[in-house]
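Asks: Chain by chain, the residues run as shown.
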Amino acid sequence: DQQVKQNSPSLSVQEGRISILNCDYTNSMFDYFLWYKKYPAEGPTFLISISSIKDKNEDGRFTVFLNKSAKHLSLHIVPSQPGDSAVYFCAANVPGYALNFGKGTSLLVTP
Amino acid sequence: KAGVTQTPRYLIKTRGQQVTLSCSPISGHRSVSWYQQTPGQGLQFLFEYFSETQRNKGNFPGRFSGRQFSNSRSEMNVSTLELGDSALYLCASSLTSFRETQYFGPGTRLLVL
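As you go down the protein sequences, you meet chains G and W in turn. When we follow the working numbering, the leftmost residue of the first sequence carries the number 1, and every step to the right adds one. When we follow the working numbering, the leftmost residue of the second sequence carries the number 112, and every step to the right adds one.
Simulated from the structure, these hints should not be mistaken for laboratory data. Any given hint might turn out to be false.
Chain W is faced by these chain G residues, among others (derived, beta-carbon under 7 Å) [said to hold, decoys possible]:
id : residue
1  : 32
2  : 96
3  : 98
4  : 101
Note that CB positions come from ideal geometry on N, CA and C, so glycine has one too.
Just chain G, same shape as in the assembly (with noise of 0.2 Å):
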């Protein structure tokens, strides 16, 4: 049962512009979300993350967005850079329990 979904299995942006990433989850109780970044053959590294009590959270050129009513969030990175090009991973967690993680997007940016 999936309950973290990044429906889009990639997305293709030129440098300079917005890259839109977005993630739907469908258990209430999720308390805390977080995206995560892989580059082939390394392992994820951890992005930003934010709380169910934010609908936003900055950092840099990474902001993520929280719509609790729609059991969704985004994650926007601008501008858009060559070296952004990899899988991002959104994951949301209830204490206690596994922290559950989307299949990724794959984010590509073209000169």
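Fit chain W to the known structure of chain G by using the hints.
Replies: Then chain W, alone, in the frame of chain G:
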């Protein structure tokens, strides 16, 4: 500061055997989490340890177990190995919780024949 280290890096086992994987977190980090990565299922959370106590647990059978020592080093054990256990097992450490910046190790590639 040394990163997260995992040993061994590669392992080949046969069905029915058991295996122990080791993870040494970054010095000062007290939270250690384990993940399984497979092509078919993506990244799946196994468990998280903090101060020698399992604090969060994923949806894996009881054949998967772990522990954390007083120096924060962690081990993961899989008993009665199955072919489907073939995967990359990743360990990550953070200061107090996986809900903050985690640092991943290179992983242990397990092949079950």
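Asks: Each hint: holds or not?
Replies: So, going through the hints one by one against the coordinates:
For the restraint placing residue 32 of chain G at the interface with chain W, the shortest Cβ-Cβ distance is roughly 5 Å, inside the 7 Å limit, so the hint holds. Here the hint on residue 96 of chain G is kept, as its CB sits about 6 Å from the closest CB of chain W, short of 7 Å. Taking 7 Å as the C-beta cut-off, the interface hint given for residue 98 of chain G holds, the closest approach to chain W being about 4 Å. Here the hint on residue 101 of chain G is kept, as its CB sits about 5 Å from the closest CB of chain W, short of 7 Å.
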